[in-house]
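Residue numbers (our numbering), protein chains in the order written: chain Z, 1 to 177; chain X, 1 to 177.
A hint or two may mislead.
It does not matter which identical chain is used: a pair holds within one copy or between any two.
Said to hold, decoys possible - Below, simulated BS3-like cross-link-like pairs (lysine-lysine); rule was C-alpha separation at most 27 Å, straight line: (1) Lys116 x Lys92; (2) Lys126 x Lys116; (3) Lys92 x Lys154; (4) Lys92 x Lys169; (5) Lys169 x Lys83; (6) Lys83 x Lys126; (7) Lys116 x Lys17; (8) Lys154 x Lys68; (9) Lys17 x Lys126; (10) Lys169 x Lys68; (11) Lys154 x Lys83; (12) Lys154 x Lys87; (13) Lys87 x Lys126.
Bear in mind the hints are in silico, worked out from the structure with no lab data behind them. Predicted model only: the values in this text are computed from it and were never measured.
Protein chains: 2
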Amino acid sequence: MANIVYIATSIDGYIAKSDGGIDWLNEIPNTQGSDYGFGDFMSRIDGILMGRSTYEIVMDYEVWFYTKPVYVLSNSWTQLPGKWAHKAQLLKGDIVEVIDTLNQQGIINIYVDGGKVIQSLLAADKIDEMIITRVPIVLGSGIPLFTPDLPELKFEHTGTETYEGGLVKSSYVRINY
Amino acid sequence: MANIVYIATSIDGYIAKSDGGIDWLNEIPNTQGSDYGFGDFMSRIDGILMGRSTYEIVMDYEVWFYTKPVYVLSNSWTQLPGKWAHKAQLLKGDIVEVIDTLNQQGIINIYVDGGKVIQSLLAADKIDEMIITRVPIVLGSGIPLFTPDLPELKFEHTGTETYEGGLVKSSYVRINY
Numbered sequence: 001m002a003n004i005v006y007i008a009t010s011i012d013g014y015i016a017k018s019d020g021g022i023d024w025l026n027e028i029p030n031t032q033g034s035d036y037g038f039g040d041f042m043s044r045i046d047g048i049l050m051g052r053s054t055y056e057i058v059m060d061y062e063v064w065f066y067t068k069p070v071y072v073l074s075n076s077w078t079q080l081p082g083k084w085a086h087k088a089q090l091l092k093g094d095i096v097e098v099i100d101t102l103n104q105q106g107i108i109n110i111y112v113d114g115g116k117v118i119q120s121l122l123a124a125d126k127i128d129e130m131i132i133t134r135v136p137i138v139l140g141s142g143i144p145l146f147t148p149d150l151p152e153l154k155f156e157h158t159g160t161e162t163y164e165g166g167l168v169k170s171s172y173v174r175i176n177y
Numbered sequence: 001m002a003n004i005v006y007i008a009t010s011i012d013g014y015i016a017k018s019d020g021g022i023d024w025l026n027e028i029p030n031t032q033g034s035d036y037g038f039g040d041f042m043s044r045i046d047g048i049l050m051g052r053s054t055y056e057i058v059m060d061y062e063v064w065f066y067t068k069p070v071y072v073l074s075n076s077w078t079q080l081p082g083k084w085a086h087k088a089q090l091l092k093g094d095i096v097e098v099i100d101t102l103n104q105q106g107i108i109n110i111y112v113d114g115g116k117v118i119q120s121l122l123a124a125d126k127i128d129e130m131i132i133t134r135v136p137i138v139l140g141s142g143i144p145l146f147t148p149d150l151p152e153l154k155f156e157h158t159g160t161e162t163y164e165g166g167l168v169k170s171s172y173v174r175i176n177y
């Protein structure tokens with residue numbers, strides 16, 4: 001049972017510009033068409049839980065990237081908007097309870113995505129793994145992956161891979177000691 | 001001519017706890033006594049420029065780590081305090097002008113250390129290299145390496161090494177394009 005962060009950040013820890021922009025991610029050269037291990041990662045998860053803002057970004061994509069069930073957590077929406085609404089399921093409630101319910105339904109290893117979702121789970125010490133890809137840019141400002149006033153959480157580093165374009169992908173597993 | 005950052009941060013980008021504490025750095029296992037490449041790094045710089053707060057930390061160390069001239073930038077001190085005062089030189093003035101003066105004196109490649117020194121130089125786009133070692137801990141709060149409202153700065157990733165204790169050291173060189 002694991003809640004797993006899989007995300008890219010700038011060197012200074014932003015996941016998007018202040019307006020949500022991710023042009024700086026799309027500019028990364030990728031001449032070999034690497035998926036940066038995303039396929040392997042998808043194969044080991046049972047589902048994806050994302051917040052409303054993340055869904056609002058992916059709902060505009062031409063391609064639906066996800067090969068596992070997608071759950072969108074929003075306590076304001078009554079239904080999912082956009083052309084991919086049939087691909088995802090809207091969930092409501094407290095995020096920790098939502099995850100308990102998903103676990104009971106056999107969705108055990110969950111890719112959790114979106115700034116607020118990740119913050120809420122870090123604050124509750126419910127993040128078990130983090131796979132963070134550092135992009136070689138200082139954005140200077142934006143939406144941070146980590147907000148201040150989280151608890152102190154120790155992790156074990158389980159591996160680092162580098163990719164074209166200067167990406168550095170490090171994997172961490174939560175440890176208590 | 002290069003101003004070089006060489007620093008360790010938590011996964012969430014802090015260089016110290018809010019009270020300046022770095023116990024979390026001292027807890028890292030190092031059974032082989034690695035210097036993490038610090039000796040090699042020292043051999044390629046001509047001097048170290050640090051701020052007052054950083055000097056206040058290193059002045060209490062039992063050992064003086066630096067094998068190159070150390071300059072302490074403080075516009076409030078009139079002399080350096082502590083047992084290592086004879087090892088360093090107090091400088092005053094605007095940081096960019098101070099660096100120009102050092103360059104003219106043959107101090108060409110400068111290890112710049114301390115949160116405020118690094119921020120000031122990033123804000124002025126005067127950082128040429130960054131060697132950042134990520135420690136596998138989320139501190140949750142503290143003194144950040146990168147403050148908000150810096151300019152956008154692109155870097156080239158030149159290498160990553162990993163060490164015992166889950167340290168991931170990545171090197172970056174500033175690029176303009």
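Hint check:
1. Lys116 x Lys92: within (14 Å within a copy, 43 Å between copies)
2. Lys126 x Lys116: within (13 Å within a copy, 34 Å between copies)
3. Lys92 x Lys154: So Lys92 and Lys154 fail the 27 Å test inside a copy (30 Å) and across (40 Å) alike.
4. Lys92 x Lys169: Neither, since 32 Å and 41 Å both go past 27 Å.
5. Lys169 x Lys83: neither (32 Å within a copy, 43 Å between copies)
6. Lys83 x Lys126: neither (32 Å within a copy, 46 Å between copies)
7. Lys116 x Lys17: Cα proximity of Lys116 and Lys17: in one copy and across copies (15 Å, 23 Å).
8. Lys154 x Lys68: Classified as neither; 29 Å inside a copy, 35 Å across copies.
9. Lys17 x Lys126: Both ways: Lys17 and Lys126 sit 26 Å apart in one copy and 22 Å across, limit 27 Å.
10. Lys169 x Lys68: within (22 Å within a copy, 34 Å between copies)
11. Lys154 x Lys83: Neither way: Lys154 and Lys83 sit 40 Å apart in one copy and 35 Å across, limit 27 Å.
12. Lys154 x Lys87: neither (35 Å within a copy, 36 Å between copies)
13. Lys87 x Lys126: within (26 Å within a copy, 48 Å between copies)
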